[in-house]
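S.K.: Each chain, letter by letter, is given below.
2 protein chains.
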Amino acid sequence: MSIPTLPAFQDEYPDALAHCYGCGRLNQHGHQIKSYWEAGGQYSVCHFQPKPYHIAVPGYVYGGLLASLVDCHATGTASAAARRALAETSALQDTPRFLTASLNVDFLKPTPLGPVLELRGLVSEIKGRKVVVEVQVFAQGVQTVRGRVVCVQATPDLLKDLGIDT
Amino acid sequence: MSIPTLPAFQDEYPDALAHCYGCGRLNQHGHQIKSYWEAGGQYSVCHFQPKPYHIAVPGYVYGGLLASLVDCHATGTASAAARRALAETSALQDTPRFLTASLNVDFLKPTPLGPVLELRGLVSEIKGRKVVVEVQVFAQGVQTVRGRVVCVQATPDLLKDLGIDT
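Protein chains in written order, with my numbering: chain A, -5 to 160; chain B, -5 to 160.
Among these hints, one or two may not hold up.
Simulated pairs of lysine-lysine, BS3-like, Cα-Cα distance not exceeding 25 Å [said to hold, decoys possible]:
id, chain 1, residue 1, chain 2, residue 2
1, B, K45, A, K154
2, B, K103, A, K45
3, B, K121, A, K103
4, B, K121, A, K45
5, B, K28, B, K45
6, A, K28, B, K45
7, A, K121, A, K154
8, B, K103, A, K154
9, A, K124, A, K28
10, A, K154, A, K124
11, B, K45, B, K103
12, A, K45, A, K28
13, B, K124, B, K28
14, A, K103, B, K124
15, B, K103, A, K124
16, B, K124, B, K154
17, B, K154, A, K103
18, A, K121, B, K103
19, A, K103, A, K45
20, B, K154, B, K121
21, B, K28, A, K45
Across the chosen pairs, the derived CB separations fall in these ranges [to be verified]:
id, chain 1, residue 1, chain 2, residue 2, range
22, B, L102, A, K154, 16 to 22 Å
23, B, P52, A, K45, 49 to 55 Å
24, A, K154, B, T160, 50 to 56 Å
25, A, L0, B, G157, 46 to 52 Å
Think of the hints as simulated: they come from the structure by calculation, not from any bench.
Ideal Cβ positions, reconstructed from N, Cα and C, are used throughout, including at glycine.
Excised from the complex, chain A in its bound form:
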């Protein structure tokens, strides 16, 4: 496991958008996942230790938690990818925040409870406000889950409609 020295993707979210149960640093009840680039930005990683009660059946991690991790790691990766693209082409203003349009999760085999899980995210498409992220979940080096998440950038107008002032 790498020892990150940079801020996590989620640490770049503005305060108004940092309350997510899965990834918001300001949600004291939530998972507060942290995602980073690895291998020079070729893919993103997130490490997560499920709690003893995050089970589907005794000894195995709950699928809803795995779906949640896939979801938030993907939207974080989408945000970082869009931020990187913007930084290359223009003056970056705010970190773009993404919402999930579609979440697909295939449970390839049971995920054992105990080891720290590693998620890897690969951006497979980035076009306009849409970013598609493929996610893999590994337990002790064995892939147990495959995810695909279609993320859509939350525009200021959408956020305003939701009553959020960034």
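Given the coordinates of chain A, assemble chain B onto it according to the supplied hints.
M.R.: Here is chain B on its own, set in the frame of chain A:
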């Protein structure tokens, strides 16, 4: 909202399989969702009140929670549908328990936090060990989420491999 008088699908699970974070009656930390047949068994329903901290952005329900509810309501519906099919054709032994093979969730619009959510599940395929369930999530009568879950029956051999003795 109907007032159920029958045991919920999840109340029929054997104790060894009632520890799921999403739907296990024996998981004190979990959501403990309850699902029932409605309209004479044409579809299943589940009502759930998200907690104030189950948010994606302030005022709107966290997608990972919605995915979790879709998942567990679908596997519960699969279990009840298989149980019903078995009861019609042979002497029912144990309530069959289903695991999720594939979970697909489309977030059609933001789900407001506050109202009790209603999930409806419709069995679209039942064949051998496989049951496919289509799930809708409604907030105050407005559909916000569409889910499709491929559920696979956990055989005694699989459960034994997982170290679970039912």
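S.K.: Hint by hint, say whether it matches the structure.
M.R.: We went through each hint and held it up to the structure:
no.	hint	result
1	B:K45 with A:K154	holds, 23 Å
2	B:K103 with A:K45	violated, 30 Å
3	B:K121 with A:K103	holds, 21 Å
4	B:K121 with A:K45	violated, 35 Å
5	B:K28 with B:K45	holds, 16 Å
6	A:K28 with B:K45	holds, 23 Å
7	A:K121 with A:K154	holds, 23 Å
8	B:K103 with A:K154	holds, 15 Å
9	A:K124 with A:K28	holds, 22 Å
10	A:K154 with A:K124	holds, 19 Å
11	B:K45 with B:K103	holds, 19 Å
12	A:K45 with A:K28	holds, 16 Å
13	B:K124 with B:K28	holds, 22 Å
14	A:K103 with B:K124	holds, 16 Å
15	B:K103 with A:K124	holds, 16 Å
16	B:K124 with B:K154	holds, 19 Å
17	B:K154 with A:K103	holds, 15 Å
18	A:K121 with B:K103	holds, 21 Å
19	A:K103 with A:K45	holds, 19 Å
20	B:K154 with B:K121	holds, 23 Å
21	B:K28 with A:K45	holds, 23 Å
22	B:L102 with A:K154: 16 to 22 Å	holds, 20 Å
23	B:P52 with A:K45: 49 to 55 Å	violated, 25 Å
24	A:K154 with B:T160: 50 to 56 Å	holds, 52 Å
25	A:L0 with B:G157: 46 to 52 Å	violated, 40 Å
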